[in-house]
Amino acid sequence: MNPWFQGVVARAEAKSDSLSPLRQGAVHSLKETTWPGRRTEHWKYTSLSVLENLELVHTPSNQELTVAAIENVQTIDLLFVDGKLRTDLTALQLPAGLTISLLDKADGLQYVIATSFFSQIKPKRHLFGLVNDALANDILFISVASKSIIKPLIRIISHHSAGHEAHQRVLVRVQQAASVKIIEQIEGQGQHLSTNFTEFEVSEHANLEHYRLIQPSAEALHFGGNHFCLHQHAVLNSTLLGFGSVLSRTDIDILHNGEHANAKLNAISVLGDSAHFDLHSNVEHIKAHGKTTEQVRVIVGDKANAVFNGRIHIHPKAQKTQAALHNRNLLLSRRGQVNTKPELEIYADDVQCAHGATVAEIEEDALNYLQTRGIARDQALVMLNVGFIQELINQLPDPHLAQWLNQGLLPRLKEIAIT
Amino acid sequence: MLTIKNLHARVEQIQILNGLDLIINPGEVHAIMGPNGAGKSTLGYVLSGREGYDVTEGEVHFKDENLLALDIEQRARHGLFLAFQYPVEIPGVSNMEFLKESVNAMRLHRRQEPLSASDFLKAAKTACQQVQLPLDFLKRGVNEGFSGGEKKRNEIMQMILLEPSLCILDESDSGLDVDALQVVANGVNSQRNATRSFVIITHYQRLLDYIQPDFVHILANGKIVKSGTAALAQQIEKEGYAFLNTATSLEIKA
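Those protein sequence lines, which keep their order, are chains A and B.
The first sequence runs contiguously to residue 420 in my numbering.
The second sequence runs contiguously to residue 267 in my numbering.
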């Protein structure tokens, strides 16, 4: 058994707080868990051996942090440092229909509602999700009342300090015909370990615009998850952007729990040096007339390593489903690695589905074309890399946010192209 | 402007150019015609510096520089422009962004200040109008989803913006209807002046009805086998390249 994991189980068993009853199932499962190795299907290309000798602090640091604004985007900022919420929720001026609370401080009804779906949307199979169930402290609960259209972007910044281990959990409930935009920014310094899991319930006719930015330090050990439950006519538009690190794994689950739900998932990953980025996505169509469009684009430079496993599972009753999953990888270096596996499992006979994965190098013809117009080879490479990603960035619903994301992306793309 | 002496080149070990000679002076328009597989497009690619097109013998001087020693982008910045027969599509890179980088790379080389965003936009719009491309083409990915004719017009638009001194047009007329042909020809004619030269690679006399060449050359088996005035193009249009066969067979016998 891995010593870090032994420590986790011991801490989980010893933990006693008002949420303990909710955590019991997870603690029990953790005790029963076999530590995954290379032969474990879902950890085949991501080694956990780096977790063996970790000495991390389990209490949050006191470091002071300020949050830089996003130009031209109105936000409601929620800052977490090492899993502890720093923002004073009572001081926030929230628009009507929006409630934000910590689970252990939520009032009676909110508490009942939140606890009713804690760990219900996130499947039990995610080992680090169970760790998060057992150890997360400040569990944030965001609720949008029915028919409320929340204009400002809810921005959850999770900062992780060097030498720390932290577990952070967010629950989001978007009620009937409501609409909300949420961005999760996961950042950090030096070596640290974090689990960041968020569960979203998107009710009938509700609309969720979601972003997750995973940009921790190069030494970070990150495990994350976004788990969505979509009810009838719910609309999800989610964009994931990851830069990888020593160990970075994200699991996404989308459940079509009502008919006519529409999910769009775009993921972008830009990996340089020896960054590792593992994305597993699983979409379950259990009801008819659902639609899923998933596009994953990855640029792999230097000695980086990209892992993608995307599954779409169409159950017998999910007739008239339309699902498309495309993974494209641009491999810039002979030493880089891509392991990709799109999976389509179809048990209904009247569906439209497509899936595919490609791994390609920079197109010499395109490079040549740009050069014949006077553009230097290095610059042309950057332009082609940017172009590869930009097709997805251009699909973002908010152009200001796209511009802000580009400010973070472009320098990364330049660094990668030149190495 | 351009002096080519005894140029030999091969592509993937296949010899395509076999001792080609050509001299182009400033302001001249040269048409290069010839049967399929003669090496016309190869000439354009070799001059532009495309990878995989290896010069095995001969010299090329462009404005007193050894052209063959320059990188692809350096050749372009020195004023060599190749309008591609099949321009590539580059999704994600907008035409606008691409053209701006390109124009400013040229300006930097000429020691000019980069164009401001608004000056560039003005120049790009004018060039677009000149080749009758709608302005929203500037926002689209480079050649992405353009029709054959639109791609050709986009090439001419780039030529107008980049102000090269030697323009090589590789079958810029192929696949064009009469109206589009006229647009391309007008674009070229508007750029003719005493210092700018053109090499027009074509299969048909048709384009030369609109762009009057000073010289017409016939390229066959990797070399220029006959040169003349515009009348030569008309002769080929009537008689085809049959006369070459006799010439070539004589050559082989000799």
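Among the hints, erroneous ones may be present.
[As the list claims (entries may be wrong)] Straight-line alpha carbon distances no greater than 25 Å define the calculated BS3-like cross-link-like pairs of lysine-lysine that follow: (1) Lys138(B) with Lys415(A); (2) Lys292(A) with Lys45(A); (3) Lys113(B) with Lys415(A); (4) Lys45(A) with Lys106(A); (5) Lys113(B) with Lys138(B); (6) Lys152(A) with Lys45(A).
[Unchecked claim] Covered, in the sense of this in silico footprint (three residues per stretch, anywhere, with C-beta under 8 Å from a C-beta of chain B), are these stretches of chain A: (7) 44-54; (8) 157-168.
Worth flagging that the hints you see were computed from the coordinates, not collected in a lab.
The beta-carbon is built from N, C-alpha and C at its ideal position, and this holds for glycine as well.
Here is how each hint holds up against the structure:
1. Lys138(B) with Lys415(A): Outside the cut-off at roughly 29 Å; violated.
2. Lys292(A) with Lys45(A): violated, 30 Å
3. Lys113(B) with Lys415(A): holds, 18 Å
4. Lys45(A) with Lys106(A): Violated, at about 40 Å.
5. Lys113(B) with Lys138(B): holds, 12 Å
6. Lys152(A) with Lys45(A): violated, 42 Å
7. 44-54: violated (count 0)
8. 157-168: violated (count 0)
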